[in-house]
Each structure stands twice: as structure tokens, then as C-alpha cells.
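Undergrad: Chains as they are written, first to last, in the working numbering: chain A, 55 to 413; chain W, 115 to 420.
These are computed hints drawn from the structure, not numbers from a lab.
Keep in mind it's a predicted model, so treat the numbers as computed, not measured.
Please note that a few of the clues may not be correct.
Dumping the calculated DSSO-like pairs for lysine-lysine here, alpha-carbon to alpha-carbon at most 27 Å [claimed, not checked]: (1) W:K169 to A:K325; (2) W:K169 to A:K249; (3) A:K249 to W:K237; (4) A:K249 to W:K188; (5) A:K65 to W:K250; (6) W:K231 to A:K249; (7) W:K237 to A:K248; (8) A:K141 to A:K128; (9) A:K144 to A:K128.
Sample of chain W residues facing chain A (criterion: CB under 8 Å; computed from the structure) [as the list claims (entries may be wrong)]: (10) E165; (11) L167; (12) L197; (13) F203; (14) E210; (15) F218.
Heads up, the beta-carbon is just placed ideally off N, CA and C, and yes, glycines get one too.
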Amino acid sequence: MLLRLLIANLKMIARDRQALFWALVFPLIFVVVFGLFRLDQPPTLHIGIVDHAQDSLSRALVQNLGQIGTFDTKEWEDEAKARQDVKDGKLDYLLIFPEGMAARMTESPPATITLVYDRTIITSAAVVAAIQRFLDQVNMNLAHAPSLLALDEQGVQSRQLSYFDFLLPGFVGMGVMTFSIIGVASTMALYREKKILRRILATPLPVRTFFAAHVLAQLFLSLAQAAIILAAGILLFGGTVVGNYLYIALLVLLGNLAFLNLGFLVGAIAKTVNAANGLGNAVTVPMMFFSGVFFPTEELPKVLAVAVRYLPLSPMLKALRGVALEARPFWDFPQELAILGAWIVVTSFLAARFFHFDR
Amino acid sequence: MTDVITVDKLAKSFGPVAAVRGVSFSVRQGEVFGILGPNGAGKTTTMECIEGLQKPTSGHTLILGIDTHREPEKVKERIGVQLQASAYFDHLTLREILELFGSFYSRSLLSDELLSKVSLQEKANTTVARLSGGQKQRFTIAATLVNDPEVVFLDEPTTGLDPQARRSLWEFIQSIHEEGRTVVLTTHYMEEAEFLCQRVAIMDQGQVVALDTPTNLVRSLPVPYQVKVIAQSDALGRGLEALDSVKAVRRAEDGTFYLSSSDATHTLPALMEWAHQTGTRLEYLEVLPANLEDVFLSLTGRELRD
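Next comes chain A alone, as it looks inside the complex (with noise of 0.2 Å):
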């Protein structure tokens, strides 16, 4: 009986194109909008340079800046047209070598450069840094300073991680969300319009068998959803899981548990299926953006960035990331698993409070 009805539920799932559009082809438009735009990789930077000095020095450090990786630099001769570009958007950057250079070099005050740049560009302050560094080495280095200390860069993980890394997860937890949440609230609704609940509760089935099969095929379904969302990541994107899949797995499900209630209890509260659409929204979107599928929580301001972190997608995701991207042991979110069980016990007895088969 629960078997034929788990299968029943599979099919019905499988062949209802709104309830793939939310499992699959969601979560996977942002894989393939991130994974296409690699927006952690920063952009090669055009930057235009008037060499007004012609001289060894200026020579020299056009050189060294073009060496530069992300730097694309281009000479131009006429500084008025080169600077009407910078404001028209056509150039980014714009050096400015004024004349004598280097018979300037050590005379006081020394000859200074111009960087002329468009302020909108949302990258430009950690250019202009990049820039000031560059000219302060080649400072150093021109007075025979010695180097006094050192920066040794060691990233806090052994991996190199991208943004794209760092999402994966976050579409895995979201895509588990909506799917779950707005797919069993509407289809609750559409079985309360048109009567179905009511006609099984006609029949001698048990009523936890009928929930049991749905609870059931949606978590079936939600590892294989989970499946798909990383294959494509790491196959099409090159994205990096370094954890256990198994883990990966339990955390899957035991997020999903608390949506699935939540799925009943929108389920219950909506009259028809255009509400629990609605409402379903209502409830995964604020979470999409505040429970961290984007950007990391601890960048939100403090009250919200506490307050967040008990949404139940929140703990999921942190847990998810630790267990996807560091390797770590599930275990190891005792307080993110506390809060997610919270959310499992009190949504499991608000929907079995509130959920009606007939009204």
C-alpha cells in the first residue's frame, strides 16, 4: 500500500512540469548563469598610458605594467582624447607620465603620475590600491630600500575555493527549499480544491500512510535533485565538492524534513493553489537571500546577521558548506544540527496542528 502510493507520488512528481520547473530547472539556471559568469575571476583591466616622459624610468614602468596578469595596457598619444574616453566609458584607467621623469627622480617634490579613472566602476578602489602598491614597490626599489618585512599570503583553506565553490552548496540547500516548500504547498492546495484529500480520507487508508508515501517520494526526490544540481556544477562548471557525499546526503534530508513541513503547514494555511504559490514565494525567497545562498551571512548587518542564522536554511547551508568544502564531518555543526532539529519538532507539530484533509 505505501509502496504502490510512494510510486503513485514518484510519477505524479516526475510528470508535473511545475514541480520539475522548481526542483531541476531553478536551481540550475543560477548553476549556469554562475558558472557561465565567473565573477570571483576579475576582469582583465584596460588601462591607457600617455608617456609624456619618453625616458628610461617611464620606459621601464610601462614595461613592468604590462607584465602584470589582469593589466592590459595600451599607449596613447593624445592625453585630451584619451581622457574623453575615460569619461565616456570606453577606457577604464588612465596613467599619465608627466615629462622628465627620470631627471625629476630625485629632486624634491617628486614627479608625480596621474590616475585618472571612472568612479562607478565598482572594482576601481581595489585597483587604485593595486596601482598604489605597484608604484610604491617601484619606489622602494628605486631608493635601494631595504625590505624590512614580509607578507607571506597563506589562504585559510588548503583548497583553492572559488565563489562558484562557495555557491554550489547554497543551490543545492535552495533548490532543496523551493522545491520542497512550494511544491507540496500547492499540491496540498490542489488536492483540498478539487477534493482529493477527501476522497482518500473515503477510503480505508490510513491517513500517516498517505503523508508518510508523499514525505517519502519528496525526500526520494530531493537527494536525487541534489544530485543533479551538484553533477552539473562540478561536471559543466568545474565547481569543487571535497567532502563526503554521504554527509552531503544526510544533510540533505534532514533540511528537508523542516521544509516539507513547512510545505504543509503553507499548505494549510493557503485556501487555493494561487495562495500557496504566493505564499510558498514568500516564505523561500526572503530565505534564498538571507540564509546565505549568495553572500555570507556575517556581512549583513549585526541583527540581522544574527537573526538569520535561524532560518532553517541557514544552519543548512553553513553545515553543508563545512561538510562540501572542508572536508569536515557533519558532526561538527552540533549547533547548526540543533537548530535545524528545532525546526524539524516545532514545524512537524504546527503542521500536524493545522493541516486539515477538508478545510
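Assemble chain W onto chain A, guided by the hints.
TA: Below, chain W without anything else, positioned relative to chain A:
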């Protein structure tokens, strides 16, 4: 004949609204029992209380000697329920739906057998969405038979169907009856009750106002006949009330007169005599037996459908 359903002082309130107010009746083995009444009379609530879908505020309901509300699972095993305007899963085929519902019961009929009963065997692999209104309704009734039930409940089985589809559904319901099953149906079509039911309970405002065979219900009327008269005359209408055995005269919108008569054998000669004397040429004359609609009108003072 033994009773398969006993309803004893059933009452159901929704907050301050009393939907069913102390209803008692019993349904006999193998009969088609109709509950006739206008919308809001309490037909569906009564039926759903008997089925165990709604908990009565007070009173008892027994099916096959089992208390519906004490042992609901036992009862559900032996009954088939069709709900008003209910649908089935969108993404399963007819065969899959029947097999799924069959799996809910300890015994079930073959889905192909059920589908051939309602001439839908060719649609076995399509979804409900692709069926016509009549086919859909036939399928939902076939689905109530999946557990080979002894008692079948149909809630307004033909509402919204065209006359031809309704007629074909009537024949199907009759075949269910001929298989020896007891059928309980609600309807607000008096033709349906007259065609299908051995006995009819007429409900109004949460109470059973009459219960008998359709024939006895009509016969119990003080005016069991209607004389339909079409004639062109200014005189018509005057003096008709005074004719022998005529109790009431109603003029329909199209100008046709309906004379409610306690005895047509007296009224007709009087009408002829009256026509002769007033020089009225009668264009059409028909004696109709009264129907359940008239019974309802006479019991409640209101039309069945308004």
C-alpha cells in the same frame, strides 16, 4: 428486506448554523435510495455523516450494522463513495488511479474490468483531464466500485451533464443496482429520483419532510393531476377555478394553463362543457400526473430549483 443503513436522529451544526436537524431513516438492502432537495437542504452533509467523512453533532449512523463513527475503517472497506465535484490525480492515468485506489482496500476489482463497465477501456492510459464531462463522471463512479462495495454513495452524480450524458449515467447507475448493490444518491433533479429510486426522502432545511416511493409520494398529494390547457380565447382564465375538482390554476409564462386537479375524470368533462359554453377552442389538452416537483411544492410551498 433488511436495512443496510440506519440513520438515527442525526444532527450536524457548523457553528451556529444547523445543517441537519434530527434526521432519521433507513435504507433497505438492494434498493436505490434518493435524497431529494434543493441546494442547502442538508443532503450532502447527511450523506457525508453516514459515510463517516463528517462527524455528526449528535445522533447515530449505522452501515451494515457497523457504527460509522466507532469503526470507520471497517465501514469504509465495504462502501464506495463518490463526492460531489471531486476530481482525481492529474498526472496519473485512469488505470493507475484505479490500481492505486484498489491498493487502499483489502480486496479490489480489476481496473480493466471496471473501465470496460463504463466503456472507458480505450482511455485506460490517458489522464482524467482528457475525458469529456460525461466520461469523467462515469469514471468517478467506476472508481467508487474499485473495492466491490456493498453500498455505493453518489452525491449529485449527474449535476452539470447534458441530457444525453445524464441518461447514459442513469443506465450505469441502474446496472450497479442490478448487481445487487445498495445505492444512495442525492439529487435535485426530480426526474432522476423518479427514474432511478425505489424510495425517496425529500429534504428541506435540514429535515426529511417526506419519505416514500415516488408513486406514493405523488399519490399522497391532494392534487395528483395536472391538466395542461392551451387555448386562444379572451374568456380563458375566467371561470376555470370553478370547474369540478380544480384546486388551483397557474398560468405559465408562455400562456399555457395548468389546472391542479384532485380528480381528472371529473375535471375533463367540466372543462369540455365550459369550452363549449364560452365558445373557446381548445388547441391542446394533456393530463399529466403530478411529479415530485409538485410534491416538493406542496410540502414546502417552494420550488425545488429556484
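Undergrad: With reference to the structure, classify each hint as holding or not holding.
TA: For each hint, the structure was consulted:
1. Of the supplied pair hints, the one linking W:K169 and A:K325 holds, its CA atoms being roughly 22 Å apart against a limit of 27 Å.
2. Between W:K169 and A:K249 the CA atoms are separated by roughly 17 Å; this keeps the pair inside 27 Å, and the hint holds.
3. For the proposed pair A:K249 and W:K237, the alpha carbon gap of about 23 Å is at most 27 Å, so the pair holds.
4. For the hint pairing A:K249 with W:K188, the CA-to-CA distance comes to about 22 Å; that is within 27 Å, so the pair holds.
5. At roughly 21 Å between alpha-carbon atoms, A:K65 and W:K250 fall within 27 Å of each other, so this suggested pair holds.
6. Note on W:K231 and A:K249: the hinted pairing holds, with a Cα-Cα distance of about 24 Å set against a maximum of 27 Å.
7. With a C-alpha separation of about 21 Å, the suggested pairing of W:K237 with A:K248 holds against the 27 Å cut-off.
8. For the suggested pair A:K141 and A:K128, the alpha carbons sit about 17 Å apart, so the restraint of at most 27 Å is met.
9. Simply put, A:K144 and A:K128 have alpha-carbon atoms about 13 Å apart, close enough for the 27 Å limit, and the pair holds.
10. Interface hint at W:E165: satisfied, since its Cβ lies 6 Å from the closest Cβ of chain A, which is below the 8 Å cut-off.
11. Contact between W:L167 and chain A, as hinted, is supported at the beta carbon level, the nearest pair being about 6 Å apart and thus within 8 Å.
12. The restraint placing W:L197 at the interface with chain A holds, with a minimum CB-CB distance near 5 Å, inside the 8 Å limit.
13. Because the smallest distance between the Cβ of W:F203 and any Cβ of chain A comes to about 6 Å, under 8 Å, the interface hint for this residue holds.
14. A least Cβ separation of about 7 Å between W:E210 and chain A falls short of the 8 Å threshold, and the interface hint therefore holds.
15. Interface restraint check for W:F218: the shortest CB-CB distance to chain A comes to about 4 Å, inside 8 Å, so the restraint holds.
Of the hints listed earlier, there is not a single one the structure fails to meet.
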